[in-house]
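Whole structure, please, built from the sequences with the hints as guidance.
So for the sequence shown, the working numbering puts the first residue at 612; every next one is plus one.
Errors might be hidden in some of the hints.
Ranges of calculated distance between the beta carbons of each label pair, as one might list FRET restraints [as the list claims (entries may be wrong)]:
| hint | residue 1 | residue 2 | range |
| --- | --- | --- | --- |
| 1 | Asp942 | Lys971 | 48 to 56 Å |
| 2 | Ala961 | Lys886 | 22 to 30 Å |
| 3 | Thr640 | Leu857 | 31 to 39 Å |
It is worth saying that the hints were derived from the structure and are not from the lab. Nothing here was measured: the structure is a model prediction, and the numbers come from that model. Glycine included, every Cβ here is placed at the ideal spot set by N, Cα and C.
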Amino acid sequence: MFYFNLLQLFYEIGAIEPLKKVASSPNATASKLAAQALKVIGESIPHKLTTQVPVWSVVDVAHWVAQVGFKDYVHNFMSCQVDGDILLLLTEQELESSIKIDCKIARKRFLRELKSLKITADYSSCDPSQMDAWLMKILPDLSQYTYEMLKAGMNKEVLASTNNEELDHVCGIKNGIHRRLILEHVEDLYTAIPLPKYGSIGSLTRQKSIDPTGFASYPKAVDVFISYRRSNGSQLASLLKVHLQLRGFSVFLDIDRLRAGKFDENLLMNIRLAKHFLLVLTPCALDRCIGDDEQQDWIHKEIVTALESDCNIIPVLDNFDWPLPEVLPSDMQQVVYFNGVRWVHDYQEACMAKLEAFLKKVPVIARLRWVHDYQDACVDKVEKFLTGEKSPIQKNLPPLPAAVNFNALERMSPRNSLEHEIILEFRSSSLEIFRLQTDKWIEEHDDSG
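What follows is the structure in structure tokens.
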């Protein structure tokens, strides 16, 4: 009796339909767990859709049509043998004449779902030049044109020499603003670095997802993305979100904004679309990153994505001590050089004021430990920050000896006391100005004499 009442509870709280939607999503873990729950309850397990929409079968299309609320037209789609290829190329006229969707409002609703499907689809099987990734970087909305452009013979190489007329009449891009956006970015293709394959951290988009529960909610640009360790950082992350929203910032926090089945696919894209990356560092937050050379840890993935996307990265430290940079994977070591906010719960308003200043005014900041015995090396390191290149001094400089003098400063971590470090704000690209300022600083602070 108790077991029956427990199962009945799932129906009373309305959990069956959400479970079915998650079970049909492409997220392997979430789908498997939802399917197991449905099996125990005694409900049927829904059809699982692949992420590769162009290779969908007629049956796949029929299931998708039913899931997005058009069950009455499933028979018409199957009678017309609409597969994934045809679905992605359907026009409003064909919906009216062949599928018999006579209501104009219903056709608009279907086209809205189809547009979202096109944006979230994975075209990697037919897009070797990664044109879709390039379009997604400009604006996610542009991904709705990817398949029609590919079918017309377009790729990134051809796109580099296209014109407004081709985009309109050949590729079917009727929105003039969208055509202008593409043409404004075409010149980037001449010097673009080849994009990594779908799913890699270095790509310009995420591995795409087909989740019928949220086709209309593909990632949108926000002011702040909050990254945190789930085990002990969720409370501070949620608190920061509330504070920032009260100050007028739009904020992305995954527990609020990502729907079931889309975590792996959409999270990195949300980072790429954010202006600021707030890295909440609670005790041991980076421990799992140590030795994680294959980017299995999500904090590691998020940090690397933020670095590659040129986000304004702001660490928020809550009882956190930086590890030595050399113990972290090389692709994320530079995060330890970003200036941040040390969070004190008793002084939240002061901490938020400092954080808000970082968000509203973004100087180019570098943090440098000055070693008097290695002044040339320190200046040369600054030159690297200014030019983005390694100079001969950096390439040939031997490693610092273990007993090097750090102003007699003894501590376990090199970045726990900001008062012993130099914070340099480079508002000029003139290295000579910096050298003069550095010499002046040395004269004022050198205690060797």
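* To do: Quick one: which hint numbers does this structure break? Sort them smallest to largest.
  => Violated hint (a single one): 1; every other hint is consistent with the structure.
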